[in-house]
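K.L.:
So the protein sequences, as listed, match chains B and P.
So for the first sequence, the UniProt record's numbering puts the first residue at 1; every next one is plus one.
So for the second sequence, the UniProt record's numbering puts the first residue at 1; every next one is plus one.
It is worth saying that the hints were derived from the structure and are not from the lab.
Watch out, some of these pointers could steer you wrong.
Derived Cβ-Cβ restraints for the label pairs, each shown as a range [said to hold, decoys possible]: (1) P:Ala55 to B:Thr439: 52 to 60 Å; (2) P:Asp80 to B:Thr507: 49 to 57 Å; (3) B:Pro216 to P:Gln118: 58 to 66 Å; (4) P:Val194 to B:Asn559: 50 to 58 Å; (5) B:Asp486 to P:Asp126: 22 to 30 Å; (6) B:Gln92 to P:Gln118: 46 to 54 Å; (7) B:Arg392 to P:Ala55: 18 to 26 Å; (8) B:Gln92 to P:Ala128: 19 to 27 Å; (9) P:Gln140 to B:Gly347: 32 to 40 Å.
What the simulated footprint calls covered on chain P by chain B, stretch by stretch (three residues with Cβ under 8 Å from a Cβ of chain B suffice, anywhere in the stretch; the number is not a length) [what the hints assert, rightly or not]: (10) 38 to 50; (11) 188 to 199.
From a predicted model like this one, the values you see are computed outputs, not experimental measurements.
Positions of the beta carbon are idealized from the N, C-alpha and C atoms, including for glycine.
Here are the chains, one letter per residue:
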Amino acid sequence: MAENMHYDAIVVGSGISGGWAAKELTERGLKVLMLERGRNIEHLTDYVHAENEAWNYPHRGTATVEMKDNYPVLSRDYPLNEQTFGMWANEQENPYTEAKRFDWFRGYHVGGRSLMWGRQSYRLSDTDFGANEREGIATDWPIRYADIAPWYDHVERFAGISGTNEGLDILPDGQFLPPIPLNIVEKDVAARLRNAFGGKRYLINSRVANITEALPDQNRVACQYRNKCWLGCPYGAYFSTQSATLPAAIATGNLTLRPFSIVKEVLYDKDSKRATGVEIIDAETNMTYEYTANVVFLNASSFNSTWVLMNSATDVWEGGLGSSSGELGHNVMDHHFRVGAEGRVEGYDDKYYFGRRPAGFYIPRFRNTDGEERPYTRGFGYQGSASRQGWRRDIAELNIGADMKEALSKPGDWTIGMTGFGEMLPYHDNFIALDRGTTDKWGLPVLSISVDLRENEMRMREDMKQDAVEIFEAAGVVDVKPTESDYAPGMGIHEMGTARMGRDAATSVLNGNNQVWDAPNVYVTDGACMTSAACVNPSLTYMALTARAAEHAVNALKNGDL
Amino acid sequence: MNRRQLLTMIAAVTGTAMMGGQRALAYLPTEVGTNIFTPEDAAFLDEVAETIIPATDTPGAKEAGVGAFITQFVSDCYTDEEQAAFRDGMETLKAQAQDRFDRPFEDLDPEERREMLQAASDEARDQAAVLAEAEERREQSLDIQPSADTAADEQPEEAAEPELHWFTPIQQLVLFGFFTSEVGATQVLRYEPVPGEYIGDLDYDGGPAWAT
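So here's chain B without its partners, still in its complex pose:
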């Protein structure tokens, strides 16, 4: 059978935003080719560790020295472990250059990081969309909350987000399934917090993409509280490409998925000023192929979508497609975190819990709102949880023997902890660029990354620490200690920016519909498009922007605008 080389649309990447692009475009009748640089992973059948218990892993989950040697970047933080081994990009085959330390944790397979993501799902608010303009920072978002609100509704309903509506301006309500419950200690802290700080700080349920009610139309079963999401869920209880968007796209009969397809460049016709398709390298055979399409969606993950643009139309623009503004590759953001507090909660030794939640609590941003002015701009939220200590705790003066065994086999004190997630401003000189002197396994130039935190972030981190201590102390937590561990850009695994949206082709790469100004039939709807980072987890926003852009693209195709 001859392979079809032309499609209505090509989607580059199969992670959270690529899956949404494929679903929305195919459901609107477009024949779509989805390209994924890595291997395929089948829903359910390929989750080979999903039923494993701790004792089934030879090193009980710990990374071996050999793993650390092969994954020097990944070994800097938790992602390198036995449970998810093989689910992160091979660092030997896919090097990158750290002009400054940047922890880049990549998922090169069908589903991308949607299989391993943290699932926290929050909306940006008008405070976020208006911040750059209000403060004269970077450039203005070309959209406001009202533009994206119906699309948040749309993606929340399908993805299945559990949570509570709280009526907060800073963290808009949504279309939620029943929340994953707070435990008794968290509820108590929440109640005490309501009476402190003038009622302006709230502890609420996490909003997570774990379904608390079955979605039979999607063959997804409600969360079983195993807290093993990152192994691929045998119930399809968390949102991933595999559990949700890919089956929907396949069901239309309009999707073709091609794994092992590294997109080398977008093919660009300078006469029509349109993309005509893409050129790929087959990762297994090293053969190159050209696929043509009327519209191209770049969803290869923030940096890789920009990498594709940088390698495209270089005969017209030396810096690549979208570089005419001088902003392509610039304004890298992440969320800075790993600073907060922890403490002990007394009075609940007669209480315990059942089940393992894939969630906890959230404290929405409260700084620099309502006219308050801190010595920095923007703000942060906290994610945390309370639980009783287990066997890992230290038992004073009881180091060996039956007494120690007995003591450690019982639950210990209730403890509570949280870490802040802070907004990082978009700085022009936090950037990625092509390092033509270094190539990957396929001879392609790699990215060089140069990003660091500035004064605004460092000042915010002081508040992230102090406020966490104050909040816990006000809520009656005892032995409160600030916590801080090293943060390097990238560790948030929320890398954003490098092809920002804007109102003007002179200062942005994408317009308000995520179209590349210089090639309107190329849409970029992953994290690359972010004009500012806000302080909330970004994936839900990528989903909403992607669905919105897909509708735009289909209408534009119909109208002959592309």
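With chain B held as given, fit chain P onto it using these hints.
P.N.:
Just chain P, lined up with the frame of chain B:
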């Protein structure tokens, strides 16, 4: 939804219209490397582990196979330097048994073993406090921003870093190996593979802690 419906839904796996791309493993099994210890080493560590976590009305470390686990873990997850230190720890313990009781550790009666390991454990705890203090001093010195006129010539003298006590890794590996084993997690602690719900306000029944 009952269990049968649940299984039916799970079984409804979709097919994929896909080009190329033969199947490849998704999550990769991790490899076990060459074990650098002998079965005798594992047996010795079993005896040490059983002294730290003895069988009571529930199984102890030996039944959980902690000795063998530790030998594989140290072989694969420790650096050369850490492996050497771990071996030194084992040899120190053996030598101390000979010095003190003129017998190998394995031939000591339970009370003698306990006495030895309690002493080692007390030393390790004291040493841990010294290490924590050194760490705190180091962090404080990092917090002090050197001013332009002092930075160049006033380098603080490098004090010798205190070392981890030889018993600490042994003890930590015994606890880790035991409580993450099937025996430890399910017979000494409690484990529920598929809880199915979360109850956040439960009267504590006085029973074991959850394994995870």
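K.L.:
Give a verdict on every hint.
P.N.:
Status of each hint after checking the structure:
no.: 1; hint: P:Ala55 to B:Thr439: 52 to 60 Å; result: 59 Å, holds
no.: 2; hint: P:Asp80 to B:Thr507: 49 to 57 Å; result: 54 Å, holds
no.: 3; hint: B:Pro216 to P:Gln118: 58 to 66 Å; result: 59 Å, holds
no.: 4; hint: P:Val194 to B:Asn559: 50 to 58 Å; result: 51 Å, holds
no.: 5; hint: B:Asp486 to P:Asp126: 22 to 30 Å; result: 28 Å, holds
no.: 6; hint: B:Gln92 to P:Gln118: 46 to 54 Å; result: 47 Å, holds
no.: 7; hint: B:Arg392 to P:Ala55: 18 to 26 Å; result: 22 Å, holds
no.: 8; hint: B:Gln92 to P:Ala128: 19 to 27 Å; result: 38 Å, violated
no.: 9; hint: P:Gln140 to B:Gly347: 32 to 40 Å; result: 34 Å, holds
no.: 10; hint: 38 to 50; result: violated (count 0)
no.: 11; hint: 188 to 199; result: holds (count 11)
Of the numbered hints listed earlier, those contradicted by the structure are 8 and 10.
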